[in-house]
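**Student:** Listed below, chain by chain, are the residues.
Number of protein chains: 2
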Amino acid sequence: MMLINGESKRFIEAIDRGFQYGDGLFETIAVNNGRLAFFDQHLARLQIGCRKLGIPYPDVQILFSEANQLCRGVDRAILKLIVTRGVGGRGYRLPDLIHPSRVLSVHPFPDYPLEYTTEGIRARFCNTRLGLNPALAGIKHLNRLEQVLARAEWEGTAIQEGIMLDVNGSVIEGTMTNLFYVKDNRLYTAILAQSGVAGIIRQLIILMSESFGFPVIMQAFAPEQLLEADEVFVCNSIIGIWPVRQIEGQHFFVGIMTKRIQMWLHQLQHGLISVGQ
Amino acid sequence: MMLINGESKRFIEAIDRGFQYGDGLFETIAVNNGRLAFFDQHLARLQIGCRKLGIPYPDVQILFSEANQLCRGVDRAILKLIVTRGVGGRGYRLPDLIHPSRVLSVHPFPDYPLEYTTEGIRARFCNTRLGLNPALAGIKHLNRLEQVLARAEWEGTAIQEGIMLDVNGSVIEGTMTNLFYVKDNRLYTAILAQSGVAGIIRQLIILMSESFGFPVIMQAFAPEQLLEADEVFVCNSIIGIWPVRQIEGQHFFVGIMTKRIQMWLHQLQHGLISVGQ
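Line by line, the protein sequences give chains A and B. According to the working numbering, the first sequence is numbered sequentially starting from 1. According to the working numbering, the second sequence is numbered sequentially starting from 1001.
Bound-form chain A, shown alone (with noise of 0.2 Å):
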């Protein structure tokens, strides 16, 4: 199922900017009982990068009632939210009017193993690195290329995600999720001033974590810090935190941090507490 600018079809303009330049951005919400979750994030962080691509941002009324129209009575799914350009401008240049175009479409739910979320998955260092650029860093927009390459680098289901480091060899994120690790008690995740997308579940952890009283430290670390680390794990909107038990030759426990903050990241989904303003 399918909405584009309102309509139902499957089809978009090849001249949409989005198609020519990957000129737009996109979010990935999870769906449970039909409940988009954390829906304001999602939309809040849509916000930011129309804000940073200069890309009028669209009408929340509109966007709220398509993505309702598209979950009504859908039980478990993802709905992906794709806001670009629209069509325009000459070359690179802008449009002198910028009409969005804003495409809604509803996807089954992956079949993730319960065990990655309860035993951990396994990880690969990838060989594509990330490029560095402020003025893109954090928003998820649709030049995507780094992850596909990264992504493609193995096959198969011994390997459930990859972890990329920037073209410095720091260490940055999955090609899907974002990644912390816990060292002495305390939680570490990078900095995505150059490169990486600031996840909602990264965000929310970072603030969860700050107001249980042990905020996250936010540092460049490379590969070899990682490896040294009491516990490591993964998030995104789709899988919540997995638990990495294997990175390259290197294995780790599920701790007990890991633990309480899937925990309080459940909570937060069932509203039994809040974070931030």
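FYI, nobody ran anything at the bench for these hints, they're computed from the structure. Possibly wrong hints are sitting among the right ones.
[Claimed, not checked] If you want a taste of the chain A side facing chain B, the calculated C-beta under 7 Å gives, among others:
| # | residue |
| --- | --- |
| 1 | A14 |
| 2 | G22 |
| 3 | G54 |
| 4 | Y92 |
| 5 | T128 |
| 6 | G131 |
| 7 | L132 |
| 8 | A135 |
| 9 | K140 |
| 10 | L142 |
| 11 | L145 |
| 12 | I191 |
| 13 | G249 |
| 14 | S274 |
[What the hints assert, rightly or not] Which residues of chain A face chain B? A partial, calculated answer using Cβ under 8 Å:
| # | residue |
| --- | --- |
| 15 | I12 |
| 16 | Y21 |
| 17 | A37 |
| 18 | L94 |
| 19 | N143 |
Glycine residues also receive a C-beta, built at the ideal position from the N, C-alpha and C atoms.
For chain A, the structure is supplied; the task is to place chain B on it using the hints.
**Tutor:** Okay, now just chain B, sitting in the frame of chain A:
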């Protein structure tokens, strides 16, 4: 006029990976008197791009025949050729079987004033930087947000091109052109191993200059070095070669070397000389 996978239509599936991730490549080809300029070179670059991204290279006979179908009877135009990884895969993961999409379209030739070619253009330095990524450098892929943001930095017609630096502060290219400069009778251009698009005209200039006995020096250089140049010019497949007569406050003459290379390119376009293999 547009052909999508051989059919005359204007719409592409929104789930095409070109739209979802910018997972594809393009070529922008000048059409003169119904003839495709440097078509072989464009196809060769497309092929390199396909190999780098792991996209099966489309049948050249089909590309050739569709291009000619579109350009029949067309005097002067631009042919844009897009090849994407098509539909499929889950998230960033590649589909097991890749069926590339191809989109060929004809566009009006932009009406640039002749004086840009004879008297030169005015350029500025862009604030938007080019990220570094060896896996993507050189090829003309669909992840073009950096160029879109750089081109959005100025409006009006006083400035014709923006010059982009990489995140290390080295001059790389224009938003839509490659850049050369002359200093003490030697010709310089940036190394495109980490960022930038290796343009067809840039390639031809490198080959011509070598065959005429003064090989281009490819090296990293700072904006300050560029401003001390004797001559500067930019090039691409559509504009050919434009001398740069001003960058920010600094003025340049249209020098003898620039004019000579313009002449060679003109002779090359008309089959009067040849280069390479």
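**Student:** Find the hints from earlier in the document that the structure breaks and name them by number, from lowest to highest.
**Tutor:** 9, 12, 13, 14 and 17
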